Amino acid sequence: GDVERMIEKEAHEVNLVMINNLKLKTELVAEMLKRHVKVFERTKAKWEAGEMRWRRLRHARALEEWQHLLASAQFTDPADRNAIVRSVTTELELRHSQQRLAVLAELGRLAPELHEDTQVSMRVTNLPDLKRHRVQSISEQLTQLQFEDDQCYSNAAIALEAHLAEMNIAMQVSREALRAELHTYAALAENGDIFTRGERGAGAKHRVQLGELINDVELDAFFRRSGNLKTELSNMVSTLGKPDLINNDNVQQLLARVNVVTEATQIATVKEREGKTLELRSLENTLDKLRTAKKADLAPLVPVLFHQARKLDSQ
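Positions 5 to 319 (the numbering used here) are the ones given, in order, by the sequence shown.
Hints may contain errors.
Stated by the list, open to error - Below, in silico cross-link-like pairs of lysine to aspartate or glutamate (EDC-like), each with a Cα-Cα straight-line distance of 20 angstroms or less: (1) 246 / 185; (2) 315 / 278; (3) 280 / 317; (4) 315 / 288; (5) 315 / 276; (6) 275 / 317; (7) 234 / 253; (8) 280 / 292; (9) 13 / 31.
As the list claims (entries may be wrong) - What follows is a set of in silico ranges between Cβ atoms, one per label pair, in the way DEER data are often shown: (10) 42 / 62: 28 to 34 angstroms; (11) 52 / 294: 20 to 26 angstroms; (12) 257 / 30: 56 to 62 angstroms; (13) 38 / 14: 35 to 41 angstroms; (14) 176 / 294: 41 to 47 angstroms; (15) 257 / 58: 53 to 59 angstroms; (16) 176 / 257: 18 to 24 angstroms; (17) 35 / 55: 18 to 24 angstroms; (18) 47 / 14: 45 to 51 angstroms.
What the hints contain is simulated information worked out from the structure, not anything from laboratory work. Computed from a predicted model, the values in this text were never measured in an experiment. From the three backbone atoms N, C-alpha and C, an ideal C-beta is built for every residue, glycine too.
All chains, please: the whole structure from these sequences, using the hints.
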(Lines of atoms letter the chains of each structure in order from A; the text may use other names.)
(Lines give C-alpha, C1' and ligand atoms only; values in the text may rest on other atoms or scores of the structure.)
Protein backbone atom coordinates (compact mmCIF):
# COMPACT_ATOMS: atom_id res chain seq x y z
CA GLY A 5 0.00 0.00 0.00
CA ASP A 6 2.48 2.66 1.20
CA VAL A 7 5.10 1.60 -1.33
CA GLU A 8 2.56 1.66 -4.14
CA ARG A 9 1.40 5.13 -3.11
CA MET A 10 4.99 6.38 -3.02
CA ILE A 11 5.69 4.87 -6.46
CA GLU A 12 2.44 6.31 -7.79
CA LYS A 13 3.35 9.75 -6.44
CA GLU A 14 6.81 9.62 -8.00
CA ALA A 15 5.40 8.34 -11.29
CA HIS A 16 2.78 11.08 -11.29
CA GLU A 17 5.42 13.75 -10.89
CA VAL A 18 7.50 12.18 -13.64
CA ASN A 19 4.44 12.00 -15.90
CA LEU A 20 3.67 15.67 -15.21
CA VAL A 21 7.24 16.61 -16.11
CA MET A 22 7.08 14.53 -19.33
CA ILE A 23 3.73 15.95 -20.29
CA ASN A 24 5.00 19.47 -19.64
CA ASN A 25 8.12 18.72 -21.70
CA LEU A 26 6.04 17.37 -24.59
CA LYS A 27 3.83 20.43 -24.44
CA LEU A 28 6.81 22.75 -24.46
CA LYS A 29 8.36 20.75 -27.30
CA THR A 30 5.16 20.99 -29.34
CA GLU A 31 4.92 24.74 -28.72
CA LEU A 32 8.58 25.20 -29.57
CA VAL A 33 8.28 23.18 -32.79
CA ALA A 34 5.17 25.11 -33.76
CA GLU A 35 6.91 28.43 -33.11
CA MET A 36 9.96 27.30 -35.09
CA LEU A 37 7.76 26.20 -38.00
CA LYS A 38 5.93 29.51 -37.85
CA ARG A 39 9.20 31.44 -37.92
CA HIS A 40 10.51 29.14 -40.64
CA VAL A 41 7.54 30.02 -42.84
CA LYS A 42 8.13 33.72 -42.24
CA VAL A 43 11.84 33.39 -42.97
CA PHE A 44 11.07 31.33 -46.08
CA GLU A 45 8.58 33.88 -47.39
CA ARG A 46 10.92 36.76 -46.63
CA THR A 47 13.89 35.00 -48.22
CA LYS A 48 11.83 33.98 -51.24
CA ALA A 49 10.64 37.56 -51.72
CA LYS A 50 14.22 38.84 -51.48
CA TRP A 51 15.39 36.16 -53.89
CA GLU A 52 12.69 36.99 -56.44
CA ALA A 53 13.40 40.71 -56.13
CA GLY A 54 17.12 40.08 -56.57
CA GLU A 55 16.47 37.77 -59.52
CA MET A 56 14.30 40.41 -61.17
CA ARG A 57 16.97 43.08 -60.65
CA TRP A 58 19.55 40.70 -62.12
CA ARG A 59 17.34 40.02 -65.13
CA ARG A 60 16.80 43.72 -65.74
CA LEU A 61 20.51 44.46 -65.36
CA ARG A 62 21.38 41.73 -67.87
CA HIS A 63 18.63 43.02 -70.15
CA ALA A 64 20.02 46.57 -70.06
CA ARG A 65 23.58 45.32 -70.43
CA ALA A 66 22.71 43.23 -73.49
CA LEU A 67 21.03 46.22 -75.16
CA GLU A 68 23.97 48.47 -74.35
CA GLU A 69 26.50 45.98 -75.72
CA TRP A 70 24.48 45.61 -78.93
CA GLN A 71 24.27 49.38 -79.37
CA HIS A 72 28.04 49.62 -78.85
CA LEU A 73 28.47 46.89 -81.46
CA LEU A 74 26.41 48.82 -84.01
CA ALA A 75 28.36 52.00 -83.26
CA SER A 76 31.73 50.24 -83.44
CA ALA A 77 34.12 50.24 -86.38
CA GLN A 78 32.83 46.79 -87.35
CA PHE A 79 29.75 48.49 -88.81
CA THR A 80 30.66 52.18 -89.10
CA ASP A 81 34.17 51.82 -90.56
CA PRO A 82 34.71 48.16 -91.49
CA ALA A 83 38.18 47.06 -92.52
CA ASP A 84 36.92 45.12 -95.55
CA ARG A 85 35.21 48.20 -96.97
CA ASN A 86 38.34 50.28 -96.41
CA ALA A 87 40.37 47.61 -98.18
CA ILE A 88 38.06 47.81 -101.22
CA VAL A 89 38.33 51.61 -101.33
CA ARG A 90 42.12 51.49 -100.96
CA SER A 91 42.38 48.91 -103.71
CA VAL A 92 40.31 51.04 -106.11
CA THR A 93 42.24 54.21 -105.24
CA THR A 94 45.60 52.48 -105.73
CA GLU A 95 44.56 51.05 -109.08
CA LEU A 96 43.29 54.44 -110.34
CA GLU A 97 46.41 56.28 -109.15
CA LEU A 98 48.74 53.74 -110.77
CA ARG A 99 46.85 53.91 -114.05
CA HIS A 100 46.90 57.67 -114.00
CA SER A 101 50.59 58.01 -113.09
CA GLN A 102 51.94 55.20 -115.26
CA GLN A 103 49.67 55.41 -118.32
CA ARG A 104 47.44 58.46 -118.57
CA LEU A 105 50.16 61.01 -117.83
CA ALA A 106 52.36 59.43 -120.51
CA VAL A 107 49.54 59.65 -123.07
CA LEU A 108 48.82 63.26 -122.11
CA ALA A 109 52.52 64.09 -122.46
CA GLU A 110 52.52 62.60 -125.95
CA LEU A 111 49.43 64.67 -126.74
CA GLY A 112 51.24 67.78 -125.55
CA ARG A 113 54.16 67.11 -127.86
CA LEU A 114 51.89 67.26 -130.91
CA ALA A 115 51.32 70.98 -130.45
CA PRO A 116 54.14 73.48 -131.18
CA GLU A 117 55.64 75.75 -128.59
CA LEU A 118 54.13 79.23 -128.86
CA HIS A 119 56.31 82.21 -127.88
CA GLU A 120 54.49 85.33 -126.88
CA ASP A 121 55.52 88.29 -129.03
CA THR A 122 53.74 91.56 -128.48
CA GLN A 123 54.92 93.08 -131.77
CA VAL A 124 54.34 90.19 -134.18
CA SER A 125 51.17 88.18 -134.19
CA MET A 126 52.24 84.69 -135.27
CA ARG A 127 49.82 82.33 -136.89
CA VAL A 128 50.71 78.68 -136.72
CA THR A 129 50.24 77.03 -140.09
CA ASN A 130 52.89 74.30 -140.05
CA LEU A 131 52.38 71.39 -137.56
CA PRO A 132 54.64 68.58 -138.76
CA ASP A 133 53.93 66.31 -135.71
CA LEU A 134 50.15 66.64 -135.78
CA LYS A 135 49.22 63.55 -137.78
CA ARG A 136 45.81 61.93 -138.00
CA HIS A 137 46.99 58.46 -137.02
CA ARG A 138 48.81 59.82 -133.98
CA VAL A 139 45.76 61.77 -132.83
CA GLN A 140 43.57 58.73 -133.37
CA SER A 141 46.00 56.53 -131.42
CA ILE A 142 46.07 58.93 -128.48
CA SER A 143 42.26 59.17 -128.54
CA GLU A 144 41.96 55.39 -128.47
CA GLN A 145 44.40 55.14 -125.57
CA LEU A 146 42.50 57.73 -123.56
CA THR A 147 39.22 55.98 -124.34
CA GLN A 148 40.68 52.65 -123.21
CA LEU A 149 41.97 54.20 -119.99
CA GLN A 150 38.55 55.71 -119.32
CA PHE A 151 36.95 52.32 -119.97
CA GLU A 152 39.32 50.67 -117.52
CA ASP A 153 38.49 53.34 -114.93
CA ASP A 154 34.76 52.79 -115.44
CA GLN A 155 35.27 49.05 -115.13
CA CYS A 156 37.19 49.59 -111.92
CA TYR A 157 34.35 51.75 -110.57
CA SER A 158 31.81 49.10 -111.55
CA ASN A 159 33.76 46.30 -109.85
CA ALA A 160 34.17 48.45 -106.76
CA ALA A 161 30.43 49.15 -106.66
CA ILE A 162 29.67 45.42 -106.91
CA ALA A 163 32.17 44.63 -104.17
CA LEU A 164 30.77 47.34 -101.92
CA GLU A 165 27.19 46.14 -102.48
CA ALA A 166 28.24 42.57 -101.64
CA HIS A 167 30.00 43.83 -98.52
CA LEU A 168 26.89 45.82 -97.56
CA ALA A 169 24.79 42.68 -97.93
CA GLU A 170 27.21 40.78 -95.68
CA MET A 171 27.01 43.56 -93.11
CA ASN A 172 23.21 43.43 -93.20
CA ILE A 173 23.32 39.69 -92.61
CA ALA A 174 25.78 40.15 -89.75
CA MET A 175 23.55 42.83 -88.23
CA GLN A 176 20.47 40.59 -88.50
CA VAL A 177 22.36 37.70 -86.92
CA SER A 178 23.46 39.92 -84.03
CA ARG A 179 19.91 41.23 -83.65
CA GLU A 180 18.42 37.73 -83.52
CA ALA A 181 21.09 36.70 -81.01
CA LEU A 182 20.13 39.74 -78.93
CA ARG A 183 16.45 38.82 -79.09
CA ALA A 184 17.18 35.26 -78.01
CA GLU A 185 19.35 36.49 -75.14
CA LEU A 186 16.71 38.96 -73.97
CA HIS A 187 14.09 36.22 -74.00
CA THR A 188 16.26 34.09 -71.72
CA TYR A 189 16.36 36.94 -69.19
CA ALA A 190 12.62 37.63 -69.57
CA ALA A 191 13.08 40.91 -67.71
CA LEU A 192 9.84 42.34 -69.11
CA ALA A 193 7.72 39.17 -68.76
CA GLU A 194 5.37 38.55 -65.87
CA ASN A 195 5.76 34.77 -65.75
CA GLY A 196 9.32 34.35 -66.94
CA ASP A 197 10.63 32.38 -69.89
CA ILE A 198 10.61 28.78 -71.02
CA PHE A 199 14.36 28.28 -70.87
CA THR A 200 14.89 28.19 -67.10
CA ARG A 201 13.48 26.11 -64.29
CA GLY A 202 11.44 27.32 -61.36
CA GLU A 203 8.11 29.05 -61.21
CA ARG A 204 9.21 31.77 -63.65
CA GLY A 205 10.27 29.11 -66.13
CA ALA A 206 7.35 26.70 -65.93
CA GLY A 207 7.80 25.79 -69.58
CA ALA A 208 11.06 24.03 -68.76
CA LYS A 209 9.24 21.68 -66.39
CA HIS A 210 7.21 20.25 -69.25
CA ARG A 211 10.38 19.81 -71.26
CA VAL A 212 12.03 17.93 -68.38
CA GLN A 213 8.98 15.75 -67.82
CA LEU A 214 8.77 14.90 -71.50
CA GLY A 215 12.48 14.06 -71.55
CA GLU A 216 12.05 11.75 -68.57
CA LEU A 217 9.12 10.08 -70.32
CA ILE A 218 11.16 9.45 -73.45
CA ASN A 219 14.04 7.93 -71.46
CA ASP A 220 11.80 5.69 -69.33
CA VAL A 221 13.03 2.12 -69.93
CA GLU A 222 9.61 0.73 -69.06
CA LEU A 223 8.21 2.43 -72.17
CA ASP A 224 10.80 1.03 -74.59
CA ALA A 225 8.43 -1.66 -75.84
CA PHE A 226 5.70 0.93 -76.40
CA PHE A 227 8.01 3.23 -78.32
CA ARG A 228 9.26 0.35 -80.45
CA ARG A 229 5.68 -0.39 -81.50
CA SER A 230 4.86 3.29 -82.03
CA GLY A 231 7.12 3.75 -85.03
CA ASN A 232 8.75 7.16 -85.15
CA LEU A 233 7.02 8.58 -82.06
CA LYS A 234 10.12 8.59 -79.85
CA THR A 235 12.18 10.44 -82.45
CA GLU A 236 9.38 12.94 -82.97
CA LEU A 237 9.07 13.60 -79.24
CA SER A 238 12.85 13.97 -78.94
CA ASN A 239 12.82 16.56 -81.72
CA MET A 240 10.06 18.44 -79.92
CA VAL A 241 12.05 18.48 -76.69
CA SER A 242 15.17 19.77 -78.43
CA THR A 243 13.13 22.40 -80.30
CA LEU A 244 11.53 23.61 -77.07
CA GLY A 245 15.00 24.27 -75.69
CA LYS A 246 16.17 26.44 -78.59
CA PRO A 247 16.15 30.21 -78.10
CA ASP A 248 15.06 30.79 -81.72
CA LEU A 249 11.69 29.29 -80.81
CA ILE A 250 10.67 32.91 -80.22
CA ASN A 251 10.34 33.33 -83.99
CA ASN A 252 6.82 32.71 -85.25
CA ASP A 253 7.91 30.46 -88.14
CA ASN A 254 9.61 28.04 -85.75
CA VAL A 255 6.59 28.04 -83.45
CA GLN A 256 4.27 27.26 -86.35
CA GLN A 257 6.45 24.34 -87.46
CA LEU A 258 6.54 22.94 -83.94
CA LEU A 259 2.80 23.44 -83.55
CA ALA A 260 2.14 21.50 -86.75
CA ARG A 261 4.23 18.58 -85.48
CA VAL A 262 2.48 18.65 -82.11
CA ASN A 263 -0.92 18.68 -83.84
CA VAL A 264 0.01 15.58 -85.85
CA VAL A 265 0.97 13.70 -82.68
CA THR A 266 -2.06 14.82 -80.66
CA GLU A 267 -4.51 14.15 -83.48
CA ALA A 268 -3.04 10.68 -83.96
CA THR A 269 -4.14 9.82 -80.40
CA GLN A 270 -7.76 10.25 -81.52
CA ILE A 271 -7.59 7.70 -84.33
CA ALA A 272 -8.83 4.82 -82.21
CA THR A 273 -11.85 6.80 -80.95
CA VAL A 274 -12.75 8.05 -84.42
CA LYS A 275 -12.49 4.63 -86.04
CA GLU A 276 -14.49 3.09 -83.21
CA ARG A 277 -17.34 5.51 -83.95
CA GLU A 278 -17.05 4.56 -87.63
CA GLY A 279 -17.15 0.85 -86.78
CA LYS A 280 -13.65 0.21 -88.13
CA THR A 281 -11.93 -1.04 -85.01
CA LEU A 282 -11.04 -4.39 -86.61
CA GLU A 283 -9.60 -2.66 -89.69
CA LEU A 284 -7.48 -0.43 -87.48
CA ARG A 285 -6.15 -3.40 -85.52
CA SER A 286 -5.37 -5.24 -88.75
CA LEU A 287 -3.43 -2.22 -89.98
CA GLU A 288 -1.52 -1.99 -86.69
CA ASN A 289 -0.64 -5.69 -86.87
CA THR A 290 0.65 -5.26 -90.42
CA LEU A 291 2.75 -2.28 -89.39
CA ASP A 292 4.18 -4.31 -86.51
CA LYS A 293 5.05 -7.10 -88.96
CA LEU A 294 6.77 -4.57 -91.20
CA ARG A 295 8.78 -3.35 -88.24
CA THR A 296 10.08 -6.80 -87.36
CA ALA A 297 10.09 -8.41 -90.83
CA LYS A 298 13.21 -9.41 -92.68
CA LYS A 299 14.18 -7.69 -95.89
CA ALA A 300 12.86 -10.56 -98.06
CA ASP A 301 9.46 -10.43 -96.35
CA LEU A 302 8.86 -6.70 -96.80
CA ALA A 303 7.66 -6.75 -100.42
CA PRO A 304 4.60 -8.99 -99.86
CA LEU A 305 3.47 -6.87 -96.91
CA VAL A 306 3.45 -3.56 -98.78
CA PRO A 307 0.35 -4.29 -100.96
CA VAL A 308 -1.47 -5.60 -97.90
CA LEU A 309 -0.67 -2.42 -95.99
CA PHE A 310 -1.76 -0.30 -98.94
CA HIS A 311 -5.16 -1.98 -99.22
CA GLN A 312 -5.72 -1.89 -95.49
CA ALA A 313 -4.96 1.83 -95.41
CA ARG A 314 -7.31 2.49 -98.35
CA LYS A 315 -10.05 0.49 -96.66
CA LEU A 316 -9.55 2.27 -93.36
CA ASP A 317 -9.64 5.67 -95.07
CA SER A 318 -12.76 4.92 -97.11
CA GLN A 319 -16.08 6.38 -96.02
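For each hint, the structure was consulted:
1. 246 / 185: holds, 11 angstroms
2. 315 / 278: holds, 12 angstroms
3. 280 / 317: Holds - the C-alpha atoms of residue 317 and residue 280 are around 10 angstroms apart, at most 20 angstroms.
4. 315 / 288: With a Cα-Cα distance of about 13 angstroms, the restraint between residue 315 and residue 288 holds, given a limit of 20 angstroms.
5. 315 / 276: The given pair, whose Cα atoms are some 14 angstroms apart, holds under the 20 angstroms limit.
6. 275 / 317: holds, 10 angstroms
7. 234 / 253: violated, 23 angstroms
8. 280 / 292: OK: residue 280 and residue 292 at ~18 angstroms, within 20 angstroms.
9. 13 / 31: This hinted pair is violated, its Cα atoms lying about 27 angstroms apart.
10. 42 / 62: 28 to 34 angstroms: About 30 angstroms separates the Cβ atoms of residue 42 and residue 62, which means 28 to 34 angstroms holds.
11. 52 / 294: 20 to 26 angstroms: violated, 54 angstroms
12. 257 / 30: 56 to 62 angstroms: With a Cβ separation near 59 angstroms, residue 257 and residue 30 satisfy 56 to 62 angstroms, so the hint holds.
13. 38 / 14: 35 to 41 angstroms: holds, 36 angstroms
14. 176 / 294: 41 to 47 angstroms: holds, 46 angstroms
15. 257 / 58: 53 to 59 angstroms: Given range 53 to 59 angstroms: violated, Cβ gap about 33 angstroms.
16. 176 / 257: 18 to 24 angstroms: holds, 20 angstroms
17. 35 / 55: 18 to 24 angstroms: Given range 18 to 24 angstroms: violated, Cβ gap about 30 angstroms.
18. 47 / 14: 45 to 51 angstroms: Check passed, 48 angstroms falls within 45 to 51 angstroms.
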